[in-house]
Every structure is written in structure tokens, then in C-alpha cells.
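Enquirer: Please put together the full structure from these sequences, using the hints given.
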Amino acid sequence: MLKKIVLASAMAMTAVSVRAGTTIEGTGSSFAYPIYKSWATEYYNATGNKVNYTPTGSGAGIKAISAREVDFGGSDKPLKPSTLKKKGLYQFPTVVGAIALAYNIPGVDRLRLSENALSGIVLGTIQYWDNPVIRKDNPGVKLPHKKVLFVHRSDKSGTTFAFTYYLSKMNSVWRSHFGAKKAVNWPMENHIGGKGNFGVSTAIKTNKYSIGYVDYADAVKNGLKMVEVEGRNGRFIKPELKAFQEAARFAVLDPKKDFYANIAYPRKGYPIVSVTFALIAKEKKDKNREVVKFVDFGFKNGDDNATKLGYVPLPAAVKEKVRAYWKEKGLY
Amino acid sequence: MEKIFARLSWLSATTLLLVLLATLYVLYIQAKPAMDEFGWQFVLDPRWGVDVVVDEAGNAVDGGHEEASGADSGGVVRLDMGDDEDAIPMEDETATGQPELAEGDLDGEAIDEEIPMEDETATGQDELAGEAQTSSIKVVYGGLVPIVGTVLSTLIAMAFAVPLAMGIAVFLSEISVDWLKTPVGVAIELLAAIPSIIYGMWGLFFFGPMVAHIFGGSSVSLLVAGLVLGVMVIPFMAALSRDAINTTPNVLKESAYAVGATRFEVVKDIIFPYARTGILGSIIISLGRALGETMAVAFVIGGVYKLAEHITDPTISIPVALANNFAESSGLSLASLYYLAFILFVVSFVIIFTAKEFLLRRSKY
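Protein chains in written order, with this note's numbering: chain V, 1 to 332; chain W, 1 to 365.
Zero decoy hints are in this set.
To give an idea of the chain W side of the interface with chain V (calculated C-beta under 8 angstroms), a few residues:
1) V50
2) L204
3) V220
Per the computed footprint, the stretches of chain W lying under chain V, defined by three or more beta-carbons under 8 angstroms from a beta-carbon of chain V, are:
4) 207 to 216
5) 297 to 308
6) 313 to 325
Just so you know, the hints here were simulated from the structure itself, not pulled from any lab data. Ideal Cβ placement from N, Cα and C applies to all residues, glycine included.
Expert: If you want it as C-alpha cells, here you go:
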């Protein structure tokens with residue numbers, strides 16, 4: 001009896017694996033999960049090859065690929081070339097994402113925050129919405145005398161990393177005291193945490209006079225009002241695709257350094273942007289070709305999906321650089 | 001047959017004990033680095049993931065960064081203590097010859113220095129600190145906030161759930177009409193089978209805002225977490241208490257009624273004393289569940305490492321701290337999480353053991 005069951009299940013397993021073509025396993029960045037999932041669906045429809053990606057977080061992605069548990073790891077945090085060498089990994093960017101500052105102040109439909117105002121809010125020096133620093137950039141807007149409630153992620157996340165990375169580049173006080181981290185002890189007095197982008201969006205929605213950072217895609221999905229943030233050139237920039245694309249054009253991604261860069265706070269365009277990376281193991285030649293095929297498929301056919309999901313496709317020039325990188329490593 | 005039966009039951013009991021000991025052992029081993037680093041002070045330290053400046057001898061010079069003024073950063077050299085992983089990529093913008101950047105705009109210089117980042121792979125801290133002439137930064141983890149959060153949210157849950165559950169149990173066994181007993185009883189047992197994440201969603205979307213509306217504060221707080229926990233454990237407590245109450249012999253109740261006792265007096269003086277063991281047992285089981293509940297609480301407690309001054313402030317509990325940080329932690333922060341898990345294990349053990357002891361001692365009378 002037992003033998004029969006074992007035999008049957010073994011047969012079933014081989015049958016499944018024969019039919020399904022190849023399968024790539026990936027894990028890591030939850031920031032990149034929606035786009036990888038959408039690419040994977042189309043890739044499966046087009047080629048019959050499967051891609052399983054589980055959003056476990058960038059740290060877990062780096063760990064898993066370093067231990068060779070998966071075929072590729074997703075990380076929002078690039079690894080240094082020396083680290084890559086030590087761990088025997090290759091690294092390349094896949095897609096650009098943007099983080100929006102969403103807020104909930106009844107009666108205020110348009111809010112502009114300068115760098116000073118944003119720094120004041122995150123450092124806790126600005127406690128009320130009608131602070132002159134905020135009011136200065138919002139003439140004609142009636143800001144209430146209510147406490148600012150800052151909403152942040154309560155779990156460790158790449159989104160927090162990208163946001164604090166931007167803060168570090170923008171504000172030197174933040175840089176010296178907090179830096180870029182996946183979880184921060186926020187200095188302001190009045191703050192709450194939400195679990196996941198979804199938790200933050202909900203907390204902003206259900207709490208008046210709140211402000212928080214979420215993935216642009218989530219902010220759009222939840223119909224949240226978004227802040228126009230002051231860019232590096234002093235202009236106030238609305239979070240929208242055009243502004244992200246402008247920012248992505250300024251991305252400095254160099255194949256010679258394994259694309260080791262983070263693109264937040266560019267010269268022009270929307271300042272809070274970040275690029276997400278894929279990591280592959282050097283010695284897994286065959287699997288790597290599959291991964292490269294999948295990502296290349298995404299580069300070629302997945303731009304619309306990326307845009308729809310609130311991401312920004314890599315500029316064509318960067319895609320070419322990535323392809324050259326693959327060629328150089330003999331994977332393309 | 002008899003022998004096999006005895007052997008089997010012995011085996012299952014031993015297996016369970018072994019699993020328990022193995023869990024404890026693994027927790028202890030994994031938590032060891034954090035235990036060595038922080039010692040028992042961990043339990044009393046309200047700081048979590050706070051950078052502290054240490055001098056050569058390894059003593060903390062400065063009480064954490066919240067208090068640290070901008071002036072101290074001049075004399076302090078931040079060491080890149082961990083792996084390369086944690087360094088920040090700083091693109092050399094002028095060197096990469098991008099046409100758009102050829103304007104010679106050099107205002108980027110100031111941001112080209114390294115941004116300090118969390119040190120997750122802190123392994124060789126001591127050696128490095130010894131080598132360094134100047135002071136360095138080390139990260140301190142303390143467990144006080146999650147421990148207090150766990151205990152408080154469980155207490156709120158119990159204060160809310162016990163009276164309600166007792167009311168339901170008494171209603172179901174004594175007061176309700178017969179045809180209502182089965183459907184309501186089944187409904188309560190069904191409630192016990194609802195996954196905790198659903199309670200979390202419900203708390204986040206509906207219950208939290210409602211509580212915030214009534215009591216003030218924000219939609220996620222210690223109070224909301226405690227109440228959601230309470231709602232979660234009510235079905236367990238009510239169903240088990242009802243069964244315990246149902247075991248009261250009718251002879252006892254009828255004799256009481258015969259000598260003129262009112263219904264309230266029967267419940268108070270006959271049923272509760274008789275069913276005390278079962279009722280206390282149901283409370284202990286619910287207590288254990290409330291202590292270890294993760295998912296529902298994670299959504300509604302706020303996830304802030306801060307002692308709650310008011311009941312409507314956000315804070316954090318041990319299981320939530322674990323769930324939020326586990327996937328992305330390594331090195332010392334991971335060990336600290338294991339330390340927290342170990343403490344939860346011990347706390348649960350102590351609470352359940354005392355409750356049991358108390359219960360057994362009392363029920364002898």
C-alpha cells in the first residue's frame with residue numbers, strides 16, 4: 001500500500017516536471033514582487049517556463065542567493081563589487097520604483113513640502129501642520145492646527161531603506177544621526193507603524209492629519225493624496241510617471257562596478273526613487289541563462305506592465321548596459 | 001496489545017517533551033550572542049536598535065542618539081564595522097561622463113561621503129573597537145518595550161474577555177432557551193476556528209478606527225491590540241467554560257432551587273465553585289494563546305518601540321517584534337530576536353506554571 005502511494009506520487013512529480021518546462025526560483029525584495037509576478041505570468045504564457053518569486057525581503061533574498069538556495073535573489077540594496085566577488089555573485093538592476101509621500105488632511109487636496117519642511121517632519125522639529133515652514137510653500141491652503149502623525153513601516157523593509165537613503169542624501173543631520181536603514185527608531189514624537197505598504201496605506205487612510213511614505217503603486221491603488229516634493233533643483237514635483245522617468249534618466253549605473261549605485265535624489269526629476277537589483281550565483285551557468293532570459297523578456301515586453309504597476313522601466317541605455325554586462329559574463 | 005498501547009503513549013509523551021526541549025535548546029543557542037552581549041540587562045533596557053557611542057574600553061559613552069547633540073559627531077569616527085554589504089553606494093557622478101551631467105555642476109560633493117547604515121553582520125566588533133583609536137558606534141538592543149507590551153496587551157485582553165466569556169457561558173448553559181443553545185454554541189465554536197489574520201484585518205479596517213473614535217488616539221494602539229486579542233480568545237474561553245459548567249450535577253442545582261435559592265445565587269454559589277477548575281483551565285489556555293498571538297496583533301499594535309504612556313499609544317509586543325524583523329535580520333539583531341523569543345518562552349512557562357499551581361492547590365479544598 002505504502003509502496004504504491006510512494007510510486008504514484010513519484011510518477012506524478014516526474015509528470016509535472018516534464019510538462020512544466022524549466023522553473024526558476026527567486027526570492028527577496030518585496031518591493032519588486034508585483035512586477036516580477038506580472039512578468040512571470042506573461043513569461044509563462046509566452047514560453048511555458050515558470051518563475052516562482054516569493055517576496056521575503058531584500059535581506060532574505062541576499063541570504064538565500066548567498067547560500068545558493070534559489071536561482072536568483074532580489075534586493076533593493078546593491079552589494080559592493082568586493083562583496084559580490086567574495087560571495088561569487090553577479091548583480092544587475094531590473095526596474096526602478098518610486099516612493100510617494102501620502103497624507104490625509106481633510107480639506108487639503110494639494111500639499112507641497114519643501115526639503116526643510118520634510119526634514120522638520122521626520123526629525124520631529126515640525127509638530128503641527130500649520131507650521132510656518134509648511135505654510136510658506138502652500139499659499140492659500142488652510143492648514144489646520146493639528147499634530148502631524150507620521151506613519152512608517154513597522155517591519156524591516158526595502159521601502160524604509162529607500163526612503164531613509166533619500167533622507168540621508170538630502171539632509172546631513174539625518175545622515176549623521178540615523179543613516180539609511182531598513183528599520184529606524186523614528187525621532188518624532190507622534191508616530192505609528194503599519195505592517196507592510198498595505199498597513200501604512202490603511203493607517204494613513206484611517207487616521208486624520210497623518211503623513212507617511214508608501215510605494216507609489218500602493219498610494220495610487222488606495223487613492224491616497226500625494227505630496228508634491230521639492231526636487232534637488234528646487235522645483236516642486238508631483239509624483240507621476242513623467243517625473244520618475246526624468247529621475248531614472250539620471251541614474252548612474254556602471255556595469256564595471258556591477259551597477260553598484262542607488263539612484264535616490266537625482267539632479268532633476270522626482271527625488272525619492274530607488275532601483276531594485278537581481279543577484280545570481282556565478283557558478284549556476286544554466287540557471288543563470290534562464291534568469292537572464294526571463295529578465296530580458298521583462299525588458300522587452302514588460303515595460304507597459306511596469307508602468308501600470310507604478311514602476312518605471314529602466315531607460316533603454318541602461319538596458320543596453322545590462323545586456324552588455326550579461327554578454328561579458330557569457331550569459332546572454 | 002496492552003504493552004503496545006503503553007509503549008505508544010509513552011512514546012508520544014516523550015516525543016513532545018523532546019520537541020519542547022529541542023526548541024528551548026535551539027532558542028538558547030541562537031540567542032547566546034545577544035545574551036553574552038547584553039546579559040540580563042536586556043530585560044530592563046527600553047532601547048531597541050539604537051546606536052550608542054562606545055569608547056576604547058567598550059563602555060557606552062553616550063546615552064543613545066536621541067539625546068546626542070550634533071556636537072558629538074565631530075569627535076566620533078564611524079567605523080564600518082561589518083561586512084562590505086552595509087556600505088552605501090555612492091556613485092561618482094562626475095566620473096561617469098553622462099552627457100546631461102557635463103554641466104560641471106559640483107554641488108553633489110557634499111553627499112558623496114558615506115552614509116552610515118545599520119550593521120547587521122556585526123561579528124568582529126570587539127576586535128575592531130580595540131584597534132580603533134577613537135570611539136565607535138555599537139547597536140544596543142533591549143527587550144523591555146516588547147515585554148511590557150506583551151504583558152499589557154494580554155492583561156487588557158483578559159480584563160475584556162473574562163467577564164464576557166463567563167456571561168456567554170452562563171447564558172448558554174443556564175439561561176438560554178433550549179432551541180437557542182445549539183446554534184449559538186456552534187457559532188461560538190466556529191468563531192474559534194477563524195484564522196487570526198482575519199481578526200487582524202477586521203481590527204485594522206473597522207475596529208481600530210472605531211476604538212480611536214471613541215477613546216481618542218490613533219487607529220492602531222495598545223488598547224486596540226488588547227481588545228482584538230480579547231475578542232479572539234472569547235470563543236475558547238466561552239466554549240470551554242460552558243462545557244465545565246454543564247458538568248455541574250442537576251441534583252446539586254435542584255437542591256439549591258428547592259431551598260429557595262435564586263438563579264443568580266445558584267450560579268454564584270453552586271455552579272462556579274463546582275466548575276472552577278474547568279473555568280480556570282479555560283482562562284489559562286486563552287492566556288497562553290493571547291501571549292503568543294502574532295498576526296492579528298501585528299496589524300493593530302502600531303509596531304513602535306516605545307513604552308505606551310497612555311493606553312491609546314502605539315507600542316509593540318514580543319511576537320510582533322519577531323514577525324516584523326525576523327525575515328530581514330542577521331547577526332546580532334537576529335540573536336536579539338531569538339533572545340526575545342527565549343524570554344517569551346520563559347514568561348509563558350512561568351505564567352502557566354503559576355496559574356496551574358494556584359489552580360491545583362485551590363481545587364484540593
